[in-house]
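Undergrad: Protein chains in written order, with the working numbering: chain H, 1 to 174; chain D, 1 to 184.
Do not take every clue at face value.
As the list claims (entries may be wrong) - Here are some of the chain H residues that sit facing chain D, going by a computed Cβ distance under 7 Å:
#, residue
1, A17
2, A153
3, G155
4, D157
5, P160
Keep in mind the hints are simulated off the structure, nothing from the lab.
From the three backbone atoms N, C-alpha and C, an ideal C-beta is built for every residue, glycine too.
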Amino acid sequence: MTDAIVTDRLILRRPEARDLDAWTAFFMSPRARFVGGGATTGPGRAWRAFASIIGHWDLRGWGIRVIEDRARGTPLGGVGPFYPADWPEPEMSWTLWSAEAEGRGVAQEAAARMLTHARDDLGWTTAVSYIDPENGRSAALARRLGARIDHDALGPDGDPVEVWRHPLTRKATA
Amino acid sequence: MSVQPTGGTVVEIPTFETARLRLRAPRWDDFDTYVAFLASPRSEGVGGPYTRDEAFPRFCTLIGHWHMRGYGRWLVADRETDAPLGIVGPMFPEGWPEPEIAWSVFDGAEGRGIAHEAALFARAYAYDVLGWATVISCTAPGNTRSEALARRMGAVHDGVCQHPHGPLTVWRHPAPAAVREGAA
C-alpha cells in the first residue's frame with residue numbers, strides 16, 4: 001500500500017471508493033469547470049473521471065491524493081502529481097471540492113507538502129501546474145507557493161492554460 | 001513509456017489463464033494497442049472513435065473500475081506471447097442499467113474465438129466468484145459480430161437500454177445453473 005502523508009491538519013492519501021460522493025458533488029458543480037467537469041456533468045461522467053484518477057496510480061505508481069481533514073475525516077479535495085500519457089511534463093495539481101474547504105490554507109498546506117514529496121520521494125527536479133487563465137484562485141495559490149508563469153513551456157495538447165513552474169530544486173515549500 | 005512500479009493497489013487485479021489466453025491487469029505497454037483500437041472504426045460500438053488524448057483517461061478508468069467495484073475488465077493477452085488482444089470482463093460503471101459482461105477485440109485479433117473464450121471465463125467468474133444471479137451484455141446497433149457472440153453464449157434479446165452513446169441492445173445470459181449444467 002502507498003503510505004498516507006500527514007501534515008498538521010491533513011491526511012493525503014490514495015483515493016478510494018468511499019470518496020466518491022464528495023468527488024461527485026464537486027465534479028457536477030461549477031467548481032469543476034476547470035478540470036473537465038461542471039454543472040452540466042452527469043453522475044456517470046463523474047464516476048468515470050474518479051475511477052480514472054484511481055487508475056492513474058496503477059500506471060504511474062503515484063497520482064492525485066485525497067486531501068482528508070484530520071480532525072473530521074472528511075475529504076476536502078485532491079492534490080498531487082498527475083501525468084497523463086503525452087503531456088509535456090508531469091503536473092502538480094490541486095482541487096478543493098467545496099466552498100467550505102476554501103479560505104483556510106488547506107490547498108496550500110497540501111500542495112506544499114506534495115511538492116516536497118515530488119522532489120524528495122519521486123525525484124522530480126521540476127514541476128508545473130497547468131492553470132486556466134480564468135482560475136484566479138488557483139493562480140494565486142501557485143504564486144504563494146513560489147511558482148511563476150513559464151512562458152516558454154507548453155501546456156497539454158495546446159490547451160489555453162498558463163504553465164506555472166514551481167521552484168522545486170531549492171527549498172521553496174513551507 | 002516505461003513500466004513503472006505500482007504504488008500499491010487497493011485491489012490486486014487477479015490474473016487467470018484459459019486455453020489460449022491470459023486475462024491480466026492492463027499495463028503501460030498495452031496502451032498503444034488500446035489507442036489504436038479506440039482510434040479505429042472498431043470502437044464505434046463503445047462510442048468511438050477516440051483520440052489518443054481521450055484514450056488515456058479511458059485506459060485509467062478501465063483500471064480504476066477494479067478499485068471502485070472490486071472487479072472489472074481484464075486485458076486479454078495471448079497466453080504464449082502476452083500480446084494484447086482485447087478487453088473483456090464484468091463491468092458496472094455508474095449509470096449502467098445493471099452489471100454487464102463486456103468484450104472488445106483489438107484490430108487483427110478477430111475471427112479466432114478470442115472474445116468467446118474470454119467472455120465464457122468472465123461469465124463464469126461473475127457467477128462463481130462474484131456470486132451474480134444474472135448478467136447482461138449490451139451490443140451496439142449493427143454490431144452483428146458481437147450479437148452473434150451473445151447468441152453463441154446462449155444469451156437472449158432482452159430489450160434496449162439507453163446509453164449516452166445511444167440505445168444498446170440488451171442480451172441476457174443464461175442463469176448460473178444453466179451455465180454450470182453446460183447448457184450454454
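Undergrad: Run every hint past the structure and note whether it holds.
TA: Comparing the hints with the structure gives:
Given hint, A17 of chain H at the interface with chain D, holds; its Cβ is 5 Å from that chain's nearest Cβ, closer than 7 Å. Nearest Cβ of chain D to the Cβ of A153 of chain H: about 18 Å, over the 7 Å cut. The hint is violated. Evaluation of the G155 of chain H hint against chain D yields a violated restraint, the C-beta minimum of about 12 Å exceeding 7 Å. For D157 of chain H, the interface hint holds, since its Cβ comes within 7 Å of a Cβ in chain D; the closest pair sits about 5 Å apart.
Interface restraint check for P160 of chain H: the shortest CB-CB distance to chain D comes to about 15 Å, outside 7 Å, so the restraint is violated.
Going through the hint list in order, the structure does not satisfy hints 2, 3, 5.
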